[in-house]
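Number of protein chains: 8
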Amino acid sequence: MDQKQLEKLLRSIQKGELTVQEGVQKLKTLPFEDIGEAMIDHHRPLRKGFPEVIFGQGKEADQVIRIMERMVEAHEDILVTRIDEEKAKAVLQRFPQASYNQRARTITLRLSEAAGQSQGIILVITAGTSDIPVAEEAAVTARIMGHSVETLYDVGVSGVHRLLNHRERLMEANVLIVVAGMEGALPSVVGGLVARPVIAVPTSVGYGTSFGGLAPLLAMLNSCASNVAVVNIDNGFGAGYIASLINR
Amino acid sequence: MDQKQLEKLLRSIQKGELTVQEGVQKLKTLPFEDIGEAMIDHHRPLRKGFPEVIFGQGKEADQVIRIMERMVEAHEDILVTRIDEEKAKAVLQRFPQASYNQRARTITLRLSEAAGQSQGIILVITAGTSDIPVAEEAAVTARIMGHSVETLYDVGVSGVHRLLNHRERLMEANVLIVVAGMEGALPSVVGGLVARPVIAVPTSVGYGTSFGGLAPLLAMLNSCASNVAVVNIDNGFGAGYIASLINR
Amino acid sequence: MDQKQLEKLLRSIQKGELTVQEGVQKLKTLPFEDIGEAMIDHHRPLRKGFPEVIFGQGKEADQVIRIMERMVEAHEDILVTRIDEEKAKAVLQRFPQASYNQRARTITLRLSEAAGQSQGIILVITAGTSDIPVAEEAAVTARIMGHSVETLYDVGVSGVHRLLNHRERLMEANVLIVVAGMEGALPSVVGGLVARPVIAVPTSVGYGTSFGGLAPLLAMLNSCASNVAVVNIDNGFGAGYIASLINR
Amino acid sequence: MDQKQLEKLLRSIQKGELTVQEGVQKLKTLPFEDIGEAMIDHHRPLRKGFPEVIFGQGKEADQVIRIMERMVEAHEDILVTRIDEEKAKAVLQRFPQASYNQRARTITLRLSEAAGQSQGIILVITAGTSDIPVAEEAAVTARIMGHSVETLYDVGVSGVHRLLNHRERLMEANVLIVVAGMEGALPSVVGGLVARPVIAVPTSVGYGTSFGGLAPLLAMLNSCASNVAVVNIDNGFGAGYIASLINR
Amino acid sequence: MDQKQLEKLLRSIQKGELTVQEGVQKLKTLPFEDIGEAMIDHHRPLRKGFPEVIFGQGKEADQVIRIMERMVEAHEDILVTRIDEEKAKAVLQRFPQASYNQRARTITLRLSEAAGQSQGIILVITAGTSDIPVAEEAAVTARIMGHSVETLYDVGVSGVHRLLNHRERLMEANVLIVVAGMEGALPSVVGGLVARPVIAVPTSVGYGTSFGGLAPLLAMLNSCASNVAVVNIDNGFGAGYIASLINR
Amino acid sequence: MDQKQLEKLLRSIQKGELTVQEGVQKLKTLPFEDIGEAMIDHHRPLRKGFPEVIFGQGKEADQVIRIMERMVEAHEDILVTRIDEEKAKAVLQRFPQASYNQRARTITLRLSEAAGQSQGIILVITAGTSDIPVAEEAAVTARIMGHSVETLYDVGVSGVHRLLNHRERLMEANVLIVVAGMEGALPSVVGGLVARPVIAVPTSVGYGTSFGGLAPLLAMLNSCASNVAVVNIDNGFGAGYIASLINR
Amino acid sequence: MDQKQLEKLLRSIQKGELTVQEGVQKLKTLPFEDIGEAMIDHHRPLRKGFPEVIFGQGKEADQVIRIMERMVEAHEDILVTRIDEEKAKAVLQRFPQASYNQRARTITLRLSEAAGQSQGIILVITAGTSDIPVAEEAAVTARIMGHSVETLYDVGVSGVHRLLNHRERLMEANVLIVVAGMEGALPSVVGGLVARPVIAVPTSVGYGTSFGGLAPLLAMLNSCASNVAVVNIDNGFGAGYIASLINR
Amino acid sequence: MDQKQLEKLLRSIQKGELTVQEGVQKLKTLPFEDIGEAMIDHHRPLRKGFPEVIFGQGKEADQVIRIMERMVEAHEDILVTRIDEEKAKAVLQRFPQASYNQRARTITLRLSEAAGQSQGIILVITAGTSDIPVAEEAAVTARIMGHSVETLYDVGVSGVHRLLNHRERLMEANVLIVVAGMEGALPSVVGGLVARPVIAVPTSVGYGTSFGGLAPLLAMLNSCASNVAVVNIDNGFGAGYIASLINR
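Residue numbers (the numbering used here), protein chains in the order written: chain A, 1 to 248; chain B, 1 to 248; chain C, 1 to 248; chain D, 1 to 248; chain E, 1 to 248; chain F, 1 to 248; chain G, 1 to 248; chain H, 1 to 248.
Keep in mind the hints are simulated off the structure, nothing from the lab. Treat each hint with caution, since some may be false.
As the list claims (entries may be wrong) - Have a look at the derived ranges for each label pair, beta carbon to beta carbon: (1) E22(H) with D154(G): 30 to 40 angstroms; (2) Q21(F) with A195(G): 48 to 58 angstroms; (3) P96(D) with S112(F): 55 to 65 angstroms; (4) D154(F) with T19(E): 36 to 46 angstroms.
Stated by the list, open to error - Calculated lysine to any residue pairs in the SDA-like style (CA-CA distance at most 25 angstroms, straight line): (5) K8(H) with Q93(B); (6) K59(B) with K8(G); (7) K15(B) with G16(H); (8) K15(F) with K15(G); (9) K59(H) with S130(A); (10) K89(H) with E60(F); (11) K15(A) with E17(C); (12) K8(G) with G16(F); (13) K15(F) with K8(G); (14) K89(B) with A74(B).
Claimed, not checked - Partial pick of chain G residues on the chain B-facing surface, computed with a CB cut under 10 angstroms: (15) F95; (16) Y100; (17) V205; (18) G206; (19) T209; (20) S210.
Cβ atoms here follow ideal geometry from the backbone N, Cα and C, with glycine treated the same way.
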């Protein structure tokens, strides 16, 4: 039942074609679709400026292209995550104006009018160089959502002076995303240096007792710094997304 | 080396009592304490209005009292977490102006001038009634940090209409803390309804395959809602703390 | 917004006190409570004959009594699970007509008119004698929900002839609940003998590598019999509940 | 000892060639094969209309074909699960009347006279699009077993209105199969909306802390909805099988 | 159907009161109970000399006494395991001729005529002194089953010469039971020294990463000695039982 | 120090070339090699008839051939395990008299004079057809060690009559090896039917919550049958080896 | 066979009472005890100055006293670990010259002449105040073994300046023991600051996903600093012991 | 701020161009880089003779070459770990003077003047032949760091005499690295024979319940020998590195 149908029903009551009791009965079983759609309508403005996100893993290039075509028609910003280079090539042939980030394995395409950038800075930090792809996914996500992103890579805790050299940049950031594999200690150290929220992303970088990222995940959940919250292993996109919401 | 010592050193160079080379040598080994303290000085204003937090678990009432005495002298707001009723009684005999929250198992004592409340609302939600103690710890933490907190308890996903009835309250909140044991599904549902950050707190409420909160923890880390970040099992304090930072 | 409020709104449109557009607007934001309540109303008849269930663990006798008082007023059947003997005594002093099952640790109180019993039989089977409390919880649950329940205890797989002796009883049952700790093999053997659904309940009976019921849980999930579905460790109530739904 | 041998033995007693004591002795050690076969005979009618199931994984096309040939001779319905496209092609060359479902990775061949369809509907629901292959395996299984199956895909909990829009379809179903990866929350929400049994199927869809489906499995076992039972990760076939038994 | 009923049936055929076909039909559905009981009869001689075993854990002294009374009537040897001292006292008041082993936490009562002892020796070895209770349970079990048992305690691998000093005793044993907590390495070393079967028993002795005996369990399952098989953590009884079967 | 050197030393004492004190000193530091070799000498007869075993996994065909060449020179029986077909072909070109078992993935070559076969039978049982390769490895191992092996495949617990049909064969065996994946229930059922030792072998056959064989492993360790001991997942060789020792 | 017996044997050869062949035979079967004891003799000087260690947990005060009495007779230094205050009181009544460390839960008694202290310093560091008992156990162990021990407590990574203030002390230490619970990140940071070996001790301090110390254990094993090795959870004694060996 | 800038600043104060207060202000915010670099300068001599280490895994040959070129310019010793043969060939074409160790999968290139070798011996021991690659990585690491390394391979505990034959070599070593997969028992046995530190390295050699090296890891952490510390699974490099620090 869309708005027109609802108007028609109320007009029938207005005109006396439908009794109040009949109207009550019909409205009590009001299909959720309509409310649902209404809910979406109300949500849209709230969500404005946010891209729809296509999880590329397990999708064929064709599928990605079809979804993108519908979004382009709707003038929506586009973010495709976890798409490998080969599929990306096929997608970019169809959408030459889109751009592929090889390290982040993302395709982005900005179609909305450029919103004024948010004032706060999102700082994305990694412990090692192997954590950079996950960090880049976070950075790309936050940028397409309209945020200023800076990066600080390879400042892991076994050489803590590398991090401390950048203390001022840490303290200027409004939200920090800290990406680390191995022992996952960096979010605790960063969290202790700043007074802003830290989104910690464990990565599957490591071997043996890393157990695919379990070691840094547990470390981050047990952080002695109180300003640290954690997302799934390798979930750069999620970190970029929630950091963007915080930064708004 | 505090500021006075540093001034003295530089004056010795100014007066020629110390050569430049000698000064360079002394400064190169500049004790970190001073920089450290300086760092703390810079941090203070940033952290202003935030209480020092005493983790009560494993501490004797005497220890808690001694720490509180030093903090009261410094006119700092006080939050004691995980303190059981018996110890709390002993503490309150010494500090009658402090108050004990039995469900949250916290002692609070506000000594700073009341900061203007933040405008955004932190909404603390629980799936069940057994999750309330953890939720109260989060609420108490955010309140002592100067934030407006509202609560919405017992709206778990097996009766999703209970949650949907409060959809407007969800959408008005600036940050949401969602506390859930058992299957830990509530943060995903809440996350899908709002466009603000959701801090998810798994609880050890449950039995059997709950494995002490592992089940809801994994569920929250795997949330299909992108605006969910997670803290440690039963860590209401951490959720309240980071939510407060986000809400500032 | 309850039915009266809805009637009032529609009458305002009928009378012309409210324009159709105003009505559409009000109904579009129709509070979910009402639909929620309506949903409950629609659900009630479907759920008729089913007791509200009070999870006794962690609740004081007083709390249980207060909830029971409200339910007795509503003439609802009552099932309290996981309530120990001491608390049960306090509850039974208040409700002498209720009865306590020591092995199942349940209180039941039937207030609805006795529904005609379902025709199918729910057969509750255990591997060992230590599994009986969980089995009894399942049996009590199914009985208060109006079902015929039979039991067959201590027929574990290390003496498979004990089970085979009762092959006919197995084949007559409409639904089977199989409760087992240790290696959790009984549901597979039972499942292979019958052509009806088997609800498997792992128990925490065992030691060492039982890991609190993990061993039988995994065994049941990996059952080579295709007619086996599993509930949480020690969850006799859940097994009795879903078996009752199947048996309807 | 087959029926002929048994007849011969009894005739020997009838004729007096064998004493009663000798007959008792022989029958006491009656080989189980015969009873076994008898048992199968008694089981057949009970199982009537159910296909024999061939687990295709790890079998060569040749092996599948040989088994199918024997079943075709016996005019049995055939279901092959977990068979990839390449092998399926080889099988279909031999049995052109069989059909391959690419998403479900199943081959089916109906040879029995069509039984009257069961009246109840089995509704198969997925949280995401990646869960569809497992859901299709469940659907194909239930259909070959003679049941009416409907599907409702991609209605995960992070957009709960998508599910609520179909509330009526949920409530009309007699049995529900809910397939979900990631946080595995959908069975709890569905279970809260309906008064019928829900068979939950965790899938290995996800990454990181999904741990190959462990996360949704634990969520489903800890469901706060009492009408949920669980099968193995990715076990669409098992879900379809037990749902069919429930629906009979 | 017991023997009398079977005789009656066969006599009816003998007398012509029952046709062969009718007899076949009746015998085909021969209740399993009878065969079951017959099976027990056939089993008894095989099992002769073996005690029935009462798992004392979780049983009240009264329950143990009642079971023992029935067994004493049947002149069966009795072994009660995992029974603490307090309960044991109550049991021994009723059966003064029984004896309690405090370290093994077992009660034994020999009622059968003493079978000739087996010739082979079962050697029970422990790594540390804390493993002795589990070892004693094994030793008591094997002794009540009629076997010669020797013990060799506190010869763990961190002082391998302690073990090597007893090399000859190791090589004389027919079966070896090796009980170890912590790193669980002893079965591998013993297994490498002897050419007989080694039954390894992990114990829950240890702390931290012992994880309740998981560490020695995994070590024993991964033993590089090919003559090692493993039983459950702390399962001294099982080790003694299977060692006795091997030694027969 | 070999025997000749020892003789020389003692002769020097005999001749007075060496004082007793000097001899004591030399012998106190007697190199272990010699004792070691002596120990090996003593062990040989005990181990007689047992093949040296080559673990083929991770070894090149060349390496296997070189080891075999040395063993052939020593007229030792040869067993190579876990060797794939391709490498086996290369090995058999060099040793045409050796034979490859494709299912067991073993090469065997008997060079010792045929020892009289042991009288007891080792019965190798599997739950499913996928468990057969592991079972064959056990069978090949026991046969090369000189034992009579029988096999009984595909008698899993979901069709327990298939197993019971072979009850007599079970009871005639002296040692039983039971190989099972999935829920790993078969050793418990077999163990309950026989009075001989059962060596249980969990296999990695299964998916999802099988967790690579963890599910059947835990089931077997928690077996309610007391005559079951367990070896590593997929360790058919170990089972065949220890069963052979038991059967001697 | 002790030295006297060996002399006697060699004298018999010298005197011709025993042939060389007979001597060879006797010596070839030389009991390991003797070599074992000899080995101990050789070991003693190496181990000199090291206390025998009594693991107090699970031992009665009486047992501890009896062992100590034998050691006092041998003038050996004594270290008792994991002994609670009550038992310690009983022990100290018997040995008033011994001393009890309440935080470390150790009893020490020095009886050997004081060895010259080692020159290097062992620095014991903790992340939090709750880790101090484990650290004290390490410190007490190293001191009774004759080493200079310094401590630096409560310098966890969430306030990294606290640690950096003591950089010089870190760099002066010869061996460092780093004790940490929660996220276990401190060893990595310390390891990055120094060029000496770091022994990391995870503690069970924490809750929820600490899983009894698993989180810091995994973090330490995955340390990105290459100079970190790890001991068991809460194993302060082991850390102190190996650090002492390194410091010699 | 490097030394020149610092001199310039102090000269400005000396000359009166800068007031003391201004100097204090500038130095208080002294960039960490400078202190960092200074720290590195101070560290260099301490670390002298130690190679920079390139973790080859996941790096392209080109990347490795570029890093090596910078190091060669700085006349630093080079160690590349985890580099497969193909990439190594490319690297060696560019640096013909470097050498590749196929078993260790390392490239080394010594450019520093040869430091006098350390006097103590590092002994690297393996349980099996499959553990050798990890052992070689440890040996190569210690050698490039300037230490005398000896190796003792394939002396696992199931043939403990193989190890005991080399008792003297064990006792002569200053540090021991013990590499073992499967049950990981070797470090305990070695630790019991020597009075020096043992660095234990679990390997992923094994199958089934080895769980990728978890089994030997747990065994080593639970070692009953007090002189054992553990590094990550397969971490030969880390073991070689820390052993070298101990041996200095």
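Legend entry - Holds or violated: K8(G) to G16(F), with C-alpha atoms at most 25 angstroms apart: 15 angstroms, holds
Legend entry - K15(F) paired with K15(G) [C-alpha distance capped at 25 angstroms]: This hinted pair holds, its Cα atoms lying about 9 angstroms apart.
Legend entry - Interface hint compliance - F95(G) to chain B, C-beta minimum distance less than 10 angstroms: Violated - the Cβ of F95(G) stays beyond 10 angstroms from chain B, reaching only about 29 angstroms at its closest.
Inset, instruction - Hold the hint about T209(G) up to the distance rule: shortest CB distance to chain B must be less than 10 angstroms. - result: OK, holds: T209(G) within 10 angstroms of chain B, min 5 angstroms.
Legend entry - Outcome of range test on Cβ distance (P96(D), S112(F); 55 to 65 angstroms): 57 angstroms Cβ-Cβ, so the 55 to 65 angstroms window holds.
Legend entry - Interface hint status, G206(G) versus chain B (Cβ within 10 angstroms): Holds. Min distance 8 angstroms.
Legend entry - Given hint A74(B) paired with K89(B) - CA-CA distance at most 25 angstroms: 23 angstroms, holds
Inset, instruction - Given the hint that K59(H) pairs with S130(A), test it: the Cα-Cα distance must not exceed 25 angstroms. - result: 9 angstroms, holds
Inset, instruction - Compare the distance between the alpha carbons of K15(B) and G16(H) with 25 angstroms, and conclude whether the hinted pair is satisfied. - result: 9 angstroms, holds
Inset, instruction - Report holds or violated for the interface hint on S210(G), using the least CB-CB distance to chain B and a cut-off of 10 angstroms. - result: Hint holds; S210(G) Cβ to chain B Cβ min 8 angstroms, cut 10 angstroms.
Legend entry - Restraint outcome when Y100(G) is required to lie within 10 angstroms of chain B by C-beta distance: At 19 angstroms from the nearest chain B Cβ, Y100(G) fails the 10 angstroms test, so the hint is violated.
Inset, instruction - Given the hint that K15(F) pairs with K8(G), test it: the Cα-Cα distance must not exceed 25 angstroms. - result: With Cα atoms ~16 angstroms apart, K15(F) and K8(G) stay inside 25 angstroms; holds.
Comparing the model with each earlier hint shows violations of hints 5, 6, 15, 16; every other hint is respected.
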